[in-house]
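Now that you have both chains on their own, put them together as the hints suggest.
Chain by chain, the residues:
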Amino acid sequence: MLQVNDLTVRYGDLTIVDHLNFTVEEGQWLMVAGPNGAGKSTMLNAVTQGTVYTGQVLFEGENMKKKKAAERARCVGVLMQNHFAEYAFSVEEVVALGRYSHAPGMRSRSRWYAGSDIGRGGGDDRAVEDALALTGMISQRKQSILTLSGGELQRTFLAQVFAQNPKLLLLDEPTNHLDLVYQKQVFELISQWLQTPGRAVISVVHDLSLAKAYGTKALLMNHGRAVACGSAEEILVSQYLDSVYRMDVAGWMRQMLGQWTE
Amino acid sequence: MRSRSDRFSFIELLIFAAVAFAVLCLCVCIGSVSISLADTLSVLWDGVKYQAGWTSAAPEGLQASIILSVRLPRVLCVAMTGAALALAGGAMQGLLKNPLADGSTLGVSSGAALGAVIAIALGIRFPGLPFAGTMVMAIVFAFLSLVLILTLAYRLDYSLATNTIILIGVIFSMFVSSLMNIIVTFAADRIQNITFWTMGSLQGASYQNALVLLGVLVIFGGIILRRAQELNAFAVSEDNARHIGVDVRRVKLVILITVSALIGVCVSIGGSIGFVGLVTPHIVRMLVGPNHRRLLPASLFGGAVFLMLADLAARTLLSPIELPIGVVTSLVGAVMFVVIFYRSRRRG
Numbered sequence: 001m002l003q004v005n006d007l008t009v010r011y012g013d014l015t016i017v018d019h020l021n022f023t024v025e026e027g028q029w030l031m032v033a034g035p036n037g038a039g040k041s042t043m044l045n046a047v048t049q050g051t052v053y054t055g056q057v058l059f060e061g062e063n064m065k066k067k068k069a070a071e072r073a074r075c076v077g078v079l080m081q082n083h084f085a086e087y088a089f090s091v092e093e094v095v096a097l098g099r100y101s102h103a104p105g106m107r108s109r110s111r112w113y114a115g116s117d118i119g120r121g122g123g124d125d126r127a128v129e130d131a132l133a134l135t136g137m138i139s140q141r142k143q144s145i146l147t148l149s150g151g152e153l154q155r156t157f158l159a160q161v162f163a164q165n166p167k168l169l170l171l172d173e174p175t176n177h178l179d180l181v182y183q184k185q186v187f188e189l190i191s192q193w194l195q196t197p198g199r200a201v202i203s204v205v206h207d208l209s210l211a212k213a214y215g216t217k218a219l220l221m222n223h224g225r226a227v228a229c230g231s232a233e234e235i236l237v238s239q240y241l242d243s244v245y246r247m248d249v250a251g252w253m254r255q256m257l258g259q260w261t262e
Numbered sequence: 263m264r265s266r267s268d269r270f271s272f273i274e275l276l277i278f279a280a281v282a283f284a285v286l287c288l289c290v291c292i293g294s295v296s297i298s299l300a301d302t303l304s305v306l307w308d309g310v311k312y313q314a315g316w317t318s319a320a321p322e323g324l325q326a327s328i329i330l331s332v333r334l335p336r337v338l339c340v341a342m343t344g345a346a347l348a349l350a351g352g353a354m355q356g357l358l359k360n361p362l363a364d365g366s367t368l369g370v371s372s373g374a375a376l377g378a379v380i381a382i383a384l385g386i387r388f389p390g391l392p393f394a395g396t397m398v399m400a401i402v403f404a405f406l407s408l409v410l411i412l413t414l415a416y417r418l419d420y421s422l423a424t425n426t427i428i429l430i431g432v433i434f435s436m437f438v439s440s441l442m443n444i445i446v447t448f449a450a451d452r453i454q455n456i457t458f459w460t461m462g463s464l465q466g467a468s469y470q471n472a473l474v475l476l477g478v479l480v481i482f483g484g485i486i487l488r489r490a491q492e493l494n495a496f497a498v499s500e501d502n503a504r505h506i507g508v509d510v511r512r513v514k515l516v517i518l519i520t521v522s523a524l525i526g527v528c529v530s531i532g533g534s535i536g537f538v539g540l541v542t543p544h545i546v547r548m549l550v551g552p553n554h555r556r557l558l559p560a561s562l563f564g565g566a567v568f569l570m571l572a573d574l575a576a577r578t579l580l581s582p583i584e585l586p587i588g589v590v591t592s593l594v595g596a597v598m599f600v601v602i603f604y605r606s607r608r609r610g
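So the sequence lines, in the order shown, correspond to chains A and B.
The first sequence maps to residues 1 to 262 in the working numbering.
The second sequence maps to residues 263 to 610 in the working numbering.
Just chain B, same shape as in the assembly (with noise of 0.2 Å):
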């Protein structure tokens, strides 16, 4: 094998890179209308072109307005919820030293949707903000799951077994969608469907979803990817980590809020889609290895191309029919969840 460097190199980042965009054309041409990828180009050059100011003709036609105003920005937010659903996962295998750890596996999906769930119907609004609220009760609710979960687990063994913490994860998840169930039913006036909740879709995703996954992946995803050397010590263990200087406390402190909100951000947009960053940073450390300088940037590509894949997947293969994107990344992250178990079983 060719030995790995410390480091994601450019080279490295262009093909990552490349990949996502070459699977965004492919998301945005194929659809119950299928587009050429001549065509697909050309119109988003144009749509380009229009935006930057280049040109005062704005693209034109039925093409143009299925792929700019329905195809782009679903794919968009579906790449990008991807890539911070991936990146989050990645972060907490690391620091808990879990391979298993991911938002849907520790319940904090489930908590994120509650949270968005409460807000919703309790009208909790800021003004001028139109779904602040609940995203920032999301937030709220995914960070206070994760240190409920986390608490108990610690409280129960401390050494924070893969079992112990999947288990107080899987019950907690239970627990908070019959509590979700329950708001559900009593608001359902005014909030969507529960299968939206708890599997999630991207349909109708709009340029302002887009807009705000963006900057919370800026802004999080650099906090994270400026700890890689931390993670990497935790994920060699925390007493080590704690042996060779690291903060550990703040350091964790840092992770689990940054986590919280990138969970709590996608869940508020796209509902709770699950596996997504079990499945994807295994995939990856197979290709890079688990250093975390390579394996975090990679999983911020690789979440991306897997999620937009599900969500090909979930709008082309029972057409016209559209399934949740939850239902494709479970049924992929429920075989691997038990793939990684086992080998991480027999190695133990």
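Looking at chain A on its own, in the form it has when it is part of the complex (with noise of 0.2 Å):
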């Protein structure tokens, strides 16, 4: 589904994502790991095309360079990890945003005074509907987002993207500053989402755990370079993990589970 090959991203001198190649297929949670500053953000950057590289990000055979912007947003969605509002939309409002790439619909109804709803796109407001609903905010739909917590606040751009309907849903450690309930909700949310056959996720996380329990594939990163790249059982394992994070990750790992062993 996804095609990066020789990904290279530079900012003046330094070199930040450097030669990386990778797949991602259809059904798969790809987890990008490694430690701070080895570049995993800027490569999912890259792949929407919001920041300059070289090299080459293919969409199912095609250049995403290419693409118009609705038509990148219709194959690649994306979930960020901080969310700062400034005005009071409602959460309604923020998710039915997510259909804007599927004009018409959503441009001819950007006319600025029109009396009746006729002629308004029914699958649009299908697609918001179970999108609320899917992410358990349709109670608090017509909310602002000001007043929302942080988790609630994720999930309404977690139904935002679900709205868009993206094939390739990209994840920046979604659930970086989430309590333990909302972690768990948003994981299980994504992954009941990539049930749906024509789907896969790429998901930058800290928590190795989180990686080993849901990813399928996994990419381990350092310095900009691939250290590893396969299943998630291969590769998340210490052979790799105590080079990159240079420290004995699975027994302090065991370490802390041991805390809750009776």
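Everything labelled a hint here was simulated from the structure, so no lab data went into it.
We treat Cβ as the ideally placed atom computed from N, Cα and C, and that holds for glycine.
Possibly wrong hints are sitting among the right ones.
Across the chosen pairs, the derived CB separations fall in these ranges [what the hints assert, rightly or not]:
| no. | chain 1 | residue 1 | chain 2 | residue 2 | range |
| --- | --- | --- | --- | --- | --- |
| 1 | B | Y416 | A | D130 | 34 to 40 Å |
| 2 | B | W307 | A | E71 | 42 to 48 Å |
| 3 | A | D130 | B | W307 | 29 to 35 Å |
| 4 | B | L276 | A | K142 | 21 to 27 Å |
| 5 | B | Y604 | A | G251 | 47 to 53 Å |
| 6 | B | M548 | A | E71 | 36 to 42 Å |
| 7 | A | E25 | B | R417 | 36 to 42 Å |
| 8 | B | E584 | A | E71 | 52 to 58 Å |
| 9 | B | S298 | A | R126 | 27 to 33 Å |
| 10 | B | V432 | A | K65 | 37 to 43 Å |
Think about it this way: if two alpha-carbon atoms lie no more than 30 Å apart in a straight line, the pair counts; the simulated DSBU-like pairs of lysine-lysine are [said to hold, decoys possible]:
| no. | chain 1 | residue 1 | chain 2 | residue 2 |
| --- | --- | --- | --- | --- |
| 11 | A | K167 | A | K66 |
| 12 | B | K514 | A | K66 |
| 13 | A | K212 | A | K167 |
| 14 | A | K142 | B | K514 |
| 15 | B | K514 | A | K65 |
| 16 | A | K65 | A | K167 |
| 17 | A | K67 | B | K311 |
Structure representation (structure tokens):
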């Protein structure tokens, strides 16, 4: 589905992503792990054409660079880790924005005034309703996003990207500052979303346990380069992790978990 | 609270238009010579009939000439200037996700004024179009100022924090104002006094001005209103806009050009009238919410009402002395600026 060839991102003299290659196929959940500053988020940014890069990003064989913005958004959706709301949009309004790329319905609706709902795209409303229902935000649909908790805000944007209905979902540390309940919720929702054929997920994670539990494939990065790439079971092992993080990762994990045994 | 619909409903449109019309009538009635509402309306109606060719009798008398040749063109220009500035302000606040963005706070109005002053000082004219030279220069300078300010702001602080952009705007305004002062000093014989360019005035505005404003509002206002959904996305965040499929660079360019045109034309006709684009969308947002499909059309009417009332105050408060209109809007605007800034800081 997604093929990244020789991806390199440079900011001045700094090389953030260094000749990276990997692929993601339908049904896969690729976990991208590595220390801070390994270039993980920059790599995601390049995939969505948010930064200048060299190399190729192919989606179903087509160059992402050549696609129009709306077309790109129908292929790839993004859930960011932070959201800073400024204006009091309602949950519903934010989720409905997810339908933008599925114009022309959306664009004709952006007429500044219309007396009736005739001609309003029924499919758009449906997708928004489903996304609100799936993420459990129906009862708060009219609420201002300024009054939401961090977890609710993240679910609102998850609903937006569900409404957008991309084929590939990119997540940048989606549960970074969410409590355990929301972490579980978000990961369960995404794994449910992935059940539908024709979809794939790439997520940047710091929590290696989550990566092991949900990932089908893993990409371990350090200093902008791929240290290892393959199935999650093969990659997320001491052999690779210890050298990248320069510590006994598994030992630390066991020590942490050991506290919970009765 | 009543749940807000996605769009500006017909009823709301009627209410906003009715309020704007009522304020317009009020502003035409009141002045150094007060004219009763009934007389005003009858003179207006006679004028409409005469213009439409239903009757060959032009309205006559002192009242008719005060209303039709002095007050009406002025009030019409004030209303449309207010509408254009408010729309430009609303669009910038959405695009930059910054409730303090406005032609005056970003320094765009000063830039436009500088362009106009240069055009007058150098005598830049297009044959057949008396004020097109000033107008085009004002628009070009407004656009250049916007690009310069935003480029500087992005360089300093990619997230475009409120403080950075406002600070740059203020410094830019001061710099441009001093340039303008120099030019005005050297070409004093040709250029209106500096107060006009820094505080604005629509005294002596003509029907010709009103027609230009109307044309600009229809064309550029229309472009902005059609971008309401994209502005919503930008107001959530620019990254989010890109992720949902908005052609970020293109939309940004379109909005910046449109805003420059609106501000440039307003400045070349009425001088730089500050804070209209800051105050109006802020108040309107409290009434109809932040959705640009509702915010922008409501701001059109809101801006017209706000500036007509400000002009009325400027004409009547210290009568017979007339204040520059910008004095009134800046008094209100500066207070509002502090309120908005305080609120957004407390939340942040």
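Structure-based check of all given hints:
The hinted window of 34 to 40 Å between B:Y416 and A:D130 holds, with their beta carbons roughly 38 Å apart. For B:W307 paired with A:E71, a C-beta distance near 55 Å fails the hint of 42 to 48 Å. Between A:D130 and B:W307 the Cβ separation comes to about 55 Å, which falls outside the hinted range of 29 to 35 Å. Range check, B:L276 to A:K142: Cβ separation about 25 Å, and the 21 to 27 Å hint holds.
Between B:Y604 and A:G251 the C-beta distance comes to about 52 Å, which sits within the given range of 47 to 53 Å. As the Cβ distance of B:M548 to A:E71 is approximately 38 Å, the hint placing it in 36 to 42 Å holds. At roughly 41 Å, the beta-carbon separation of A:E25 and B:R417 lies within the given 36 to 42 Å, and the hint holds. B:E584 and A:E71 have their C-beta atoms about 57 Å apart, which keeps the hinted 52 to 58 Å range intact.
The hinted window of 27 to 33 Å between B:S298 and A:R126 is violated, with their beta carbons roughly 57 Å apart. Taking 37 to 43 Å as the suggested C-beta distance range, the pair B:V432 and A:K65 conforms, at roughly 39 Å. The straight-line distance between the Cα atoms of A:K167 and A:K66 is roughly 18 Å, inside the 30 Å bound, and the hint therefore holds. Restraint check for B:K514 and A:K66: satisfied, since their Cα atoms lie roughly 20 Å apart, inside the 30 Å limit.
Under the criterion of a C-alpha separation no larger than 30 Å, the hint pairing A:K212 with A:K167 is consistent with the structure, at around 23 Å. The suggested pairing of A:K142 with B:K514 holds, with an alpha-carbon distance near 29 Å, which does not exceed 30 Å. With a CA separation close to 19 Å, the supplied pair B:K514 and A:K65 stays within the 30 Å bound. Using a Cα cut-off of 30 Å, the hinted pair A:K65 and A:K167 holds, with the two alpha carbons roughly 17 Å apart.
With a C-alpha separation of about 56 Å, the suggested pairing of A:K67 with B:K311 is violated against the 30 Å cut-off.
The structure fails hints 2, 3, 9, 17 (numbered hints given earlier, in ascending order).
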